Amino acid sequence: MSNKSQKPDTNHSRRKVIKTLGAAAGIGAVSNFSPILFPRAYAASEPIKIGAQFHRTGIGASYGRWYERTAMAALKIINDEGGINGRPVEIIVEDDGTDPKRGAEVVEKFATQHKVDVAYGTLFSHVVIGSSPRAGELKLPYIVVSEGHHVASGKLNRYVFQPGITDVKSQVISMAPWISDNLGKKVTMIYPDFAFGHDHRDYFSAAIAAQGGEVLEKIAIPPTETSFTKYFPRIPRDTEVLYHVMVGPGVLTFVKEMGQHFGSKRPEIFGFIDSLEAVDLSTPQLEFLEGTHFWEGNPRYAQTNQSAHDKLFRAAVGVDDNGASLNDPKDISTYAHMFGCWETLFIIKQAMEACGYSGAADRPAFVEAMEALRNFDEGRNHPQGSKVFNPQIHQSFGHQYISKVEGGRLNVKHKTSIEDGMYEAEGDYTKMPL
Amino acid sequence: MDFGPYLFLATLEGLVQAAVLCLTALGLSLVFGVMRVVNVAHGEFYMLGAVLAWWITGWFAGNPAIGFFAAIIIGPLLVGLIAYLCERFILRRVEYDPEATIVATIGILYILQQTTLLTFGPDARPVDTPFYFRVEFPWFGYSGYKLLVIGAAVLLLLLAWFVITRTRLGLIMRATQFDRETAQNFGISVDKVYATVFAVGAGFAAVAAVLIVPIQQAHYLMGGDPLLLSFIVVIIGGLGSIRGTLVAALLIGLSDGIISVFFSPTLAKMVSTMLVALVLVFRPQGLFGVRSRI
Amino acid sequence: MQPGYKSLLLHALVVIGLFLLQFVLPEYHHLSVARIMLLAVFAMGFNLLFGYTGLLSLGHAMFFAAGMYGAGLSVYHFDWSVPLSFIFGVGCGAMLSFVVGLIALRTTGVAFMIVTLMFSQVAYLIIVYFTTYTRGDEGLVMPQAARSFILLGREFLLTDAATRYNLSLILLTITMVVVLLLVRGKFGRSLIAVRENEPRTRMLGYNTFAIKLRALTVSGTLSAGSGAAYALMFAYIGSSFATIQYSIDPLLYSLLGGAGTVLGPVLGTFLMFYLIDIASEYTTAYLLVAGVVLVMLVLFFPKGLLGTVRERWLRWLP
Chain Y
1 MSNKSQKPDT NHSRRKVIKT LGAAAGIGAV SNFSPILFPR AYAASEPIKI
51 GAQFHRTGIG ASYGRWYERT AMAALKIIND EGGINGRPVE IIVEDDGTDP
101 KRGAEVVEKF ATQHKVDVAY GTLFSHVVIG SSPRAGELKL PYIVVSEGHH
151 VASGKLNRYV FQPGITDVKS QVISMAPWIS DNLGKKVTMI YPDFAFGHDH
201 RDYFSAAIAA QGGEVLEKIA IPPTETSFTK YFPRIPRDTE VLYHVMVGPG
251 VLTFVKEMGQ HFGSKRPEIF GFIDSLEAVD LSTPQLEFLE GTHFWEGNPR
301 YAQTNQSAHD KLFRAAVGVD DNGASLNDPK DISTYAHMFG CWETLFIIKQ
351 AMEACGYSGA ADRPAFVEAM EALRNFDEGR NHPQGSKVFN PQIHQSFGHQ
401 YISKVEGGRL NVKHKTSIED GMYEAEGDYT KMPL
Chain C
1 MDFGPYLFLA TLEGLVQAAV LCLTALGLSL VFGVMRVVNV AHGEFYMLGA
51 VLAWWITGWF AGNPAIGFFA AIIIGPLLVG LIAYLCERFI LRRVEYDPEA
101 TIVATIGILY ILQQTTLLTF GPDARPVDTP FYFRVEFPWF GYSGYKLLVI
151 GAAVLLLLLA WFVITRTRLG LIMRATQFDR ETAQNFGISV DKVYATVFAV
201 GAGFAAVAAV LIVPIQQAHY LMGGDPLLLS FIVVIIGGLG SIRGTLVAAL
251 LIGLSDGIIS VFFSPTLAKM VSTMLVALVL VFRPQGLFGV RSRI
Chain L
1 MQPGYKSLLL HALVVIGLFL LQFVLPEYHH LSVARIMLLA VFAMGFNLLF
51 GYTGLLSLGH AMFFAAGMYG AGLSVYHFDW SVPLSFIFGV GCGAMLSFVV
101 GLIALRTTGV AFMIVTLMFS QVAYLIIVYF TTYTRGDEGL VMPQAARSFI
151 LLGREFLLTD AATRYNLSLI LLTITMVVVL LLVRGKFGRS LIAVRENEPR
201 TRMLGYNTFA IKLRALTVSG TLSAGSGAAY ALMFAYIGSS FATIQYSIDP
251 LLYSLLGGAG TVLGPVLGTF LMFYLIDIAS EYTTAYLLVA GVVLVMLVLF
301 FPKGLLGTVR ERWLRWLP
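Going down the list, the protein sequences come from chains Y, C and L.
Take 1 as the starting number for the first sequence in this note's numbering and just add one per residue.
Take 1 as the starting number for the second sequence in this note's numbering and just add one per residue.
Take 1 as the starting number for the third sequence in this note's numbering and just add one per residue.
Hints in this document: simulated from the structure, not taken from any laboratory.
All values derive from a computational prediction rather than experimental measurement.
We treat Cβ as the ideally placed atom computed from N, Cα and C, and that holds for glycine.
Accuracy of the hints is not assured; some may be wrong.
Computed footprint of chain Y on chain C; a stretch qualifies when at least three of its residues, placed anywhere within it, have a C-beta under 8 angstroms from a C-beta of chain Y [said to hold, decoys possible]:
(1) 134-146
(2) 149-157
(3) 213-219
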């Protein structure tokens, strides 16, 4: 169980509270009028503190658990190799309950009570968006692992980054060419009726049209729906490809009922593995998925051409070649997303070392160092694949994987190029003041 | 699919939802009706039924039907026991004061939910259907198990109706609901009745969850919607009226499914929610309730 | 009867205390208290209807959301100034609560609970339905222009912690004064009369419907004020604020602190925030701790903390 940071943080934070309360009027008064923390020179042995905002509870808890494990695995490697700028690194984890209000409070806590150097780790888009204003105003670098298009849209602030994972727009548009060439041009989409689903709907419709295809029907499913049978009859008969991206606990039901609806005669089916993160593909209900295709952020099953980096990554995090926990083969990881936590931690290290980060006063330099990053090569630090970072929109672009379900496992059939997922920048954070 | 068969499919789906909703709401109606307390943790008893079903079926490796049978007997009993303990040590201590009960049951909600998160985990987990056969209608195939759920719910409802209207136990429960003090004067141990009712109410919710879990999954947050919906059913149907609960469950279970045939799902939910509200505004005692003792 | 001398003094002391507190609070708590005070406004607004009038609404999230979206959307889409948007948000809440009241107050007791719950669900669904404008659950970040405003010749920076703290305190004080005056005046007594025995009150010639409508409208307006301020101060609006959790929270805070007292909801808000905040440092299962604490509290302080205090020691507490 890993709800502890590298150092026992209970004593640490209790000591902190007493210390800060004892500091009383002077510090309190001054810090009230200046949101920027006083710079301090750190002793060489004082740790660099990274605040990890994970979904330990709430609807994102399945992911949050694996995010934490992955982060701790990467942390161990970083510390074993000497830390950052010769100082050990400590991760302080706070649970945001997958709630934007709590997320904003946690960001404030990171900046002012835990006094972390940077914050990182959030997944769910609404929590990122709800927390980002406070991060920006407290001038706390906020490096998220979210997959949402929010950072790249240019609508957040200069302190928010998403360098370790690609965003949904990039993922969706990179799928269109392959789908159009290999599965079909007439697509019906099933997606959840909230912002994430709408993003899929909008980006994919545009992308497939650019390939000469069309979306025949768009079926939006209300977020709390538990039974899907009544939606399937709306799929037009001439559908060549059924595109689905259902998320949430109802996904198994969705697949099962989809199977019951189609029986043996079905169109090509393309889904996003978001639907089945942390779900065992060998579950009987999912037999129907045999022969269908999925987008994968990172191939869950070790492939025949598995890289040494992927092997190391699996061993460090504690998952086997099926993407399941070494302790429990039924405990499937969120493999398509959690690599983002690993890569992002190494990116934070890279940027901190590039600017010689020594304390909170260096945060602006850290932001600029992040913006100076360009390419991440595939390697131990980036096991998912190489990436290109766009400093204007603070977003990385990378490879996407298309896999087919064969014999109860996913085999990669295609790896997109980074260019497949590129799009015009919609904003420019570098022009904003620090 | 043509409109007629599509409507039929939506109706069948609605009936399954209504069946499960009816059982859950019945449990709440008993508690609410007899004890006059708002049990905010009712949805968590439902969730526990599903989670326990997953756990119990996990013991039996062979034929899933055996595991399921065990789950549907043992699960509700265990949940009833947990409910009994809550009633005995918490609710009775606050003497069923309405406000205190709300806070207490919110506390119980958190406790049950978080304990489940700690033990069962955050993932949604499936449970096998006890059997698999497909009913072939002329226009589509339909899961035979879902039809079984409808049948099982009807049976349980009949059983409940029989017990409440035709047995001594039911008479005692109704008497306590009607007038607690007079019932006490007749020598009825109100404490025992309350404990039984609370446990039985939770048990019904658990049964409903065990029935639905092979169709859906067990997940630690799954209690929220059933809580809301069963509340609505109970109020719309009218306190203490089984017939009312049945009709309201049918109404709400079906309306969602059928209206969404005509409108976009979000809009459909809006419409059905407004309808529910308006029913209550113009008939606050519900469809079958007696307008008096509020 | 005007609010007694003792209660005025007590409330003044609370306000002064909170004002002075900002100079000694460490930065984190300074930021947190600013939030807590706004949520306490919400709880106080709710409590006016619940604790004093005896009507349990399970839909107050819709009033909070009305204020939040009224203010947030007008800033985001129409570039209105912050004060104007705030007033608009409050106005939205007032209007919504009046209209909802006209319909929902035809019911009472449990039916009222469900009707308000339903209306709140519809409000949530409307926000989600118009995702094109509201971005639904993802929500919207308030633009830079909305992070400051000019009032009476002075510029106020909402990015400044002290500004936020004092604005929250001002809103809290206004709410406290409004509620105090209402409940200790004639209106308050008619509210309590309605709560204790509505048929009798009606028989005495009071228009109980009008009384309840007034209470609901004030309650909804105050809640909307909290929502509008929250949106503008923390620069984010999202549909998660319109979910049922935000209808249960003010109920919880009021019950914990003491429904039917003015300061009870404030105390309850502080308590729950710190309970969760402190417990989450020690365990993932902080809600479990919260649940246990709630059960304990309810077993030993069934009328809420201040309610029990009032009952046992300080009878004059409003």
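Tested hints:
1. 134-146: Our answer is that it holds, as 5 residues pass the Cβ test (under 8 angstroms) against chain Y, meeting three.
2. 149-157: violated (count 0)
3. 213-219: As far as the region 213-219 of chain C goes, the hint holds, because 4 residues have Cβ atoms under 8 angstroms from chain Y.
Of the numbered hints listed earlier, the single one contradicted by the structure is hint 2.
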